[in-house]
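What follows is each chain in one-letter form.
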Amino acid sequence: MTKANVSTKPKVAFFDFACCEGCQLQVANLGEALLDILGAIDVVEFREVMSEKWDKDYDVAIIEGSITDHHAEERIKKIRARSKVLIAYGACASIGGVNGMKNSFALDEIRQSVYGKDYKLFDSTPTRAVGQVVKVDYTVNGCPIYPPELIEVIKCALRGLPYTVPDNPVCSECKLNENVCMYERGVACLGPWTKAGCNSWCVNNGNICYGCRGLVKHPASGAAEEVISKYNLKPELIKNKFDMYNKCGEADAALSAKGRK
Amino acid sequence: MATENKDLDIKVEYLTRVEGHGNIVVNVKNGKIEKCEFHVVESPRLFEGMLRGRSIFEAQHITSRICGICSCGHSLASIQAAEDALGVVPTVQTVKLRKLLLDYEFLDSHILHFYLLAAPDILGAPSFVPLVETHNAMIRRALRMKKAANDVCDILVGRHVHPISAIVGGFTKLPRPKDLSAMLNILEGMKTDLADTLKLAASLKFPDFRRETEYVALVSDDGEYPLLAGDIGSTDGKRFKKADYKKATNEFIDPRSSAKFTKLSRDSFFVGALARFNLNYDKLHPEAKKVAESLDFKPVCHNPYLNTVAQVVEIVHCWHHAVELIKDLKKNGLDYEEEITVGLNEKGAIPVRAGSGVGSVEVPRGILHHHYETDAAGMIKRADCIIPTNQNINNIEYDFQKLLPEIITLPKDTIRLRLEMLVRAYDPCISCSAHYLDVKFVE
Numbered sequence: 001m002t003k004a005n006v007s008t009k010p011k012v013a014f015f016d017f018a019c020c021e022g023c024q025l026q027v028a029n030l031g032e033a034l035l036d037i038l039g040a041i042d043v044v045e046f047r048e049v050m051s052e053k054w055d056k057d058y059d060v061a062i063i064e065g066s067i068t069d070h071h072a073e074e075r076i077k078k079i080r081a082r083s084k085v086l087i088a089y090g091a092c093a094s095i096g097g098v099n100g101m102k103n104s105f106a107l108d109e110i111r112q113s114v115y116g117k118d119y120k121l122f123d124s125t126p127t128r129a130v131g132q133v134v135k136v137d138y139t140v141n142g143c144p145i146y147p148p149e150l151i152e153v154i155k156c157a158l159r160g161l162p163y164t165v166p167d168n169p170v171c172s173e174c175k176l177n178e179n180v181c182m183y184e185r186g187v188a189c190l191g192p193w194t195k196a197g198c199n200s201w202c203v204n205n206g207n208i209c210y211g212c213r214g215l216v217k218h219p220a221s222g223a224a225e226e227v228i229s230k231y232n233l234k235p236e237l238i239k240n241k242f243d244m245y246n247k248c249g250e251a252d253a254a255l256s257a258k259g260r261k
Numbered sequence: 262m263a264t265e266n267k268d269l270d271i272k273v274e275y276l277t278r279v280e281g282h283g284n285i286v287v288n289v290k291n292g293k294i295e296k297c298e299f300h301v302v303e304s305p306r307l308f309e310g311m312l313r314g315r316s317i318f319e320a321q322h323i324t325s326r327i328c329g330i331c332s333c334g335h336s337l338a339s340i341q342a343a344e345d346a347l348g349v350v351p352t353v354q355t356v357k358l359r360k361l362l363l364d365y366e367f368l369d370s371h372i373l374h375f376y377l378l379a380a381p382d383i384l385g386a387p388s389f390v391p392l393v394e395t396h397n398a399m400i401r402r403a404l405r406m407k408k409a410a411n412d413v414c415d416i417l418v419g420r421h422v423h424p425i426s427a428i429v430g431g432f433t434k435l436p437r438p439k440d441l442s443a444m445l446n447i448l449e450g451m452k453t454d455l456a457d458t459l460k461l462a463a464s465l466k467f468p469d470f471r472r473e474t475e476y477v478a479l480v481s482d483d484g485e486y487p488l489l490a491g492d493i494g495s496t497d498g499k500r501f502k503k504a505d506y507k508k509a510t511n512e513f514i515d516p517r518s519s520a521k522f523t524k525l526s527r528d529s530f531f532v533g534a535l536a537r538f539n540l541n542y543d544k545l546h547p548e549a550k551k552v553a554e555s556l557d558f559k560p561v562c563h564n565p566y567l568n569t570v571a572q573v574v575e576i577v578h579c580w581h582h583a584v585e586l587i588k589d590l591k592k593n594g595l596d597y598e599e600e601i602t603v604g605l606n607e608k609g610a611i612p613v614r615a616g617s618g619v620g621s622v623e624v625p626r627g628i629l630h631h632h633y634e635t636d637a638a639g640m641i642k643r644a645d646c647i648i649p650t651n652q653n654i655n656n657i658e659y660d661f662q663k664l665l666p667e668i669i670t671l672p673k674d675t676i677r678l679r680l681e682m683l684v685r686a687y688d689p690c691i692s693c694s695a696h697y698l699d700v701k702f703v704e
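Here the protein sequences line up with chains A and B, keeping their order. Count the first sequence with my numbering and you get residues 1 to 261, in order. Count the second sequence with my numbering and you get residues 262 to 704, in order.
Chain A extracted, bound-state conformation (with noise of 0.2 Å):
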């Protein structure tokens, strides 16, 4: 890219970790108002439309996907090194998402559920979010993300600025779209403690909240033993469906009580 070596325009990069490169096509289905972000910045590397690679410093790196072997931890170590302003972004990278739920299995027993007898030919770690393993300096939640808010981050991350993710429930953006809400229709949902920016897009579809945001910093936890008492459901269903994207957060707080984050 010889253009590249004279542009002055930031150096950007895309990564994929373990994950289903959802939110790389994401940006993808930008159409083209993807066209107005490269003509903004350079990116210099994104291996699932590209085979350019770049080898300096990395003004932003974009990471997709979470940690689940020896070999992404060097890598992500490495791209760390390189680089001035880490992104993560999709539940996978920010909060290990669904492959998280390996975390609720010892390891070995997964691992042989899937290869049979030879399953140690193939390396896997307890899966864990970027920021378990390197620091992140933005975030971008959800699975997959929602594509506003990543040109959001992106923009406050080329400017320097912080980019907060408002500490809102689900329930707050849910309400003004005016869904009935599925505690009314008899299912319980996980948008009391999950945190907004999506638009409630999975309950505008008829769907539940699965909680792919993370939780809130502080859930209102009396106002949800209100909900499961009056709604009278088991809390062990609301911890099952919660293990679906956010498993990894306890991995998280055991390796930190044991002193070795």
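Hints were generated in silico from the structure; no laboratory data involved. For every residue, glycine included, the Cβ atom is placed at its ideal position computed from N, Cα and C. Hints may be right or wrong, so weigh each one.
[Unchecked claim] Computed Cβ-Cβ distance ranges for the label pairs, DEER-style:
{"id": "1", "chain 1": "A", "residue 1": "Ser-221", "chain 2": "B", "residue 2": "Ala-638", "range": "25 to 35 Å"}
{"id": "2", "chain 1": "A", "residue 1": "Lys-78", "chain 2": "B", "residue 2": "Ser-442", "range": "45 to 55 Å"}
{"id": "3", "chain 1": "B", "residue 1": "Asp-596", "chain 2": "A", "residue 2": "Ile-151", "range": "34 to 44 Å"}
{"id": "4", "chain 1": "B", "residue 1": "Lys-559", "chain 2": "A", "residue 2": "Lys-135", "range": "54 to 64 Å"}
{"id": "5", "chain 1": "B", "residue 1": "Asp-483", "chain 2": "A", "residue 2": "Arg-185", "range": "36 to 46 Å"}
{"id": "6", "chain 1": "A", "residue 1": "Arg-185", "chain 2": "B", "residue 2": "Ala-398", "range": "41 to 51 Å"}
{"id": "7", "chain 1": "B", "residue 1": "Asp-596", "chain 2": "A", "residue 2": "Ser-221", "range": "57 to 67 Å"}
{"id": "8", "chain 1": "B", "residue 1": "Lys-588", "chain 2": "A", "residue 2": "His-70", "range": "23 to 33 Å"}
[Said to hold, decoys possible] Straight-line Cα separation of at most 20 Å, SDA-like style, residue types lysine to any residue; simulated pairs:
{"id": "9", "chain 1": "B", "residue 1": "Lys-434", "chain 2": "A", "residue 2": "Leu-176"}
{"id": "10", "chain 1": "A", "residue 1": "Lys-175", "chain 2": "B", "residue 2": "Gly-419"}
{"id": "11", "chain 1": "B", "residue 1": "Lys-439", "chain 2": "B", "residue 2": "Lys-592"}
For chain A, the structure is supplied; the task is to place chain B on it using the hints.
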């Protein structure tokens, strides 16, 4: 350069412009091929293991996260397997909407692959990014078409990446008349771009290469190009019910590379657009057939590079099929009483039972199988997902073995590009590797 003493050492680490992580390793000593392999090096995600103990009603949500590109296809295979296990028969309206969703999935994925992943090779660019300057109109068209395919999906199921409203039993939200009109308008707005896409396809020169192999895809006895329903069939005359998908895939471990491969009647087989084209050409929409004829593209075609051309033919087929489906839905109206409430079955609306179910659906990259076994409470005891790319890896390697001697006198960079293009032609989706096997590097 004489081939007899040629040494060649190619190692493509993290093959670009494919979905997921794969490596190509080629080793030639004194003109003799010592190694010519395609490795999948995606980090294991252990989806099949993670599904254990989850409700079968959650399987669709979880397994659509196997792949962002074909998440609608994974959803549909997952729902089909769950409904098979539960004994749920979807309504006629639900089946129509699922077929529509699959058309959108094919449009979205094939447009992405044709324009942004495959075309840069033919146009001599390392990616679509430099093409923004040299082929601006083309790239704008690609992004516009991609967005259109994406937008119709948003209307139907909430979003294309991890669809929201398509679940076991039906849809949590059904398109209103204004939604049907909006989808139709978007599709009809693609007409000019579609015509230009066909012009571009006609102008591209794909490498000339031929290797006879077996092609596997869904087949059916009715007149429709089978994507959602049918049996598993092959160009060597094999035919199986979905429940017998294991007989059609025969996963095995090859000591040569410890990779998990599949085979049927021969050493390897091919799944994907070219397989569907070869098996079901007669059932393509007449307009799609016309396009194939104009490109002088006929079944049975044995050039894997032309899988990309088969995708273009399918773009035309799916566009027409989708337009006709929407017109049918507009004319006959929808029954909104069929809208269902999600709930991971907390309300027990669908009876659960101990059982086993298989879903086999054509997704853009080929036939996809999901298989779940549940206990009496509807909790998953065992899950098996066999993705298209997994089935193609063996065939890619056999292609390598035949192709390499044919191009060995070319410059190393050309050889590397030809091999990369060959893998990309299969449109591999490696992050889908719910279970891939491999991997030992020989440096």
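We went through each hint and held it up to the structure:
1. For the pair Ser-221/A and Ala-638/B, the supplied restraint of 25 to 35 Å holds, since their beta-carbon distance comes to about 29 Å.
2. Taking the beta carbon of each, Lys-78/A and Ser-442/B are about 52 Å apart, inside 45 to 55 Å as hinted.
3. In this structure the supplied range 34 to 44 Å holds for Asp-596/B paired with Ile-151/A, their Cβ-Cβ distance being about 39 Å.
4. Between Lys-559/B and Lys-135/A, the C-beta spacing of about 57 Å keeps the proposed range 54 to 64 Å intact.
5. A hinted range of 36 to 46 Å holds for the C-beta pair Asp-483/B and Arg-185/A, which are about 38 Å apart.
6. Distance hint check for Arg-185/A and Ala-398/B: the Cβ-Cβ separation is about 48 Å, which falls inside the suggested range of 41 to 51 Å.
7. For the pair Asp-596/B and Ser-221/A, the beta carbons lie near 43 Å from each other, so the given range of 57 to 67 Å is not met.
8. Range check, Lys-588/B to His-70/A: about 55 Å between beta-carbon atoms, so the 23 to 33 Å window is missed.
9. Of the pairs offered as hints, the one joining Lys-434/B and Leu-176/A holds, with about 19 Å between alpha carbons and a cut-off of 20 Å not exceeded.
10. The straight-line distance between the Cα atoms of Lys-175/A and Gly-419/B is roughly 18 Å, inside the 20 Å bound, and the hint therefore holds.
11. Using a Cα cut-off of 20 Å, the hinted pair Lys-439/B and Lys-592/B holds, with the two alpha carbons roughly 13 Å apart.
The earlier numbered hints that this structure contradicts are 7 and 8.
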